[in-house]
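Chains as they are written, first to last, in my numbering: chain A, 1 to 153; chain B, 1 to 92.
Bear in mind the hints are in silico, worked out from the structure with no lab data behind them.
Heads up, the beta-carbon is just placed ideally off N, CA and C, and yes, glycines get one too.
Fair warning: there could be bad hints in the mix.
What the hints assert, rightly or not - With the C-beta cut set under 10 angstroms, the calculated list includes, among others, these residues of chain B facing chain A:
id, residue
1, G16
2, A48
3, R49
4, T51
5, N61
6, V63
7, L68
8, K69
9, Y72
10, P88
11, M89
Residues per chain are reported as follows:
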Amino acid sequence: MSVSLQAEPIDIAAEYAVLVGEAPGAAVATFTGYVRDHAGENPVGVLELEHYPEMALTVLQSLGRQAAERFELINWRMVHRFGILPVSETIVWVGAVADHRGEAISACEFMMDTLKTDAPFWKREQGPEGARWVASRAQDGERRARWEQGGGT
Amino acid sequence: MAITIKLFASLREALGEGEFQLELGALPPGEVVDGAIKVEAIKAVLSARGTHWSEALNQPNVVHALNLKVVYLDALVADGDELALFPPMTGG
């Protein structure tokens with residue numbers, strides 16, 4: 001039940017082992033996000049991730065606690081990177097342990113949908129035509145809103 | 001004591017500053033009530049610094065976080081508080 005903000009790549013095998021621990025429960029779900037090599041039609045070489053460290057930590061901890069309560073999780077973990085991230089490297093990893101698959105999968109979806117709009121990180125893509133800040137997408141807000149309506153499961 | 005202002009991402013880049021202090025005593029006295037000032041009044045004070053400040057801070061989707069929590073424009077900011085202004089978040 002913890003959060004890490006880090007510059008270094010995410011060691012998924014190590015994170016999984018910590019998440020599951022000695023009592024795996026019945027259902028474990030994880031999600032990993034990677035740096036894409038394109039943004040629409042434009043190639044991307046490197047992604048810069050700026051963050052507001054103190055707020056990012058408190059927001060992610062709060063979202064994890066909300067997920068734990070909502071989906072009756074046995075354990076959860078969220079890891080988010082910041083800094084300069086080359087294409088194909090990990091950006092984010094979330095994991096949830098529950099008694100049943102529905103709760104574990106939904107918890108991962110909840111954590112991702114809410115962190116996208118609520119956690120203070122900003123992406124800046126660098127490509128051959130220069131760098132640009134990534135704009136927020138309407139569908140991210142829509143996915144976030146589903147959880148407010150008690151839906152998403 | 002003062003109010004700490006933090007700017008992130010495109011706002012930080014556009015305004016060339018990431019963090020600075022605002023002395024409550026230097027703010028318009030009419031806006032400070034019982035030692036606190038609304039977020040919108042702070043934005044007005046900063047917007048008066050020039051066109052690029054005004055344009056950057058008054059984009060419709062600027063997010064305001066007071067002491068690490070997102071707030072509305074009518075939230076009250078006091079001495080020692082930290083107010084961050086930034087564009088919509090795009091992590092994950």
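Quick rundown of the hints versus the structure:
no.: 1; hint: G16; result: violated, 15 angstroms
no.: 2; hint: A48; result: violated, 25 angstroms
no.: 3; hint: R49; result: violated, 22 angstroms
no.: 4; hint: T51; result: violated, 20 angstroms
no.: 5; hint: N61; result: holds, 8 angstroms
no.: 6; hint: V63; result: holds, 8 angstroms
no.: 7; hint: L68; result: holds, 4 angstroms
no.: 8; hint: K69; result: holds, 8 angstroms
no.: 9; hint: Y72; result: violated, 16 angstroms
no.: 10; hint: P88; result: holds, 4 angstroms
no.: 11; hint: M89; result: holds, 5 angstroms
The structure shown violates the earlier hints numbered 1, 2, 3, 4, 9.
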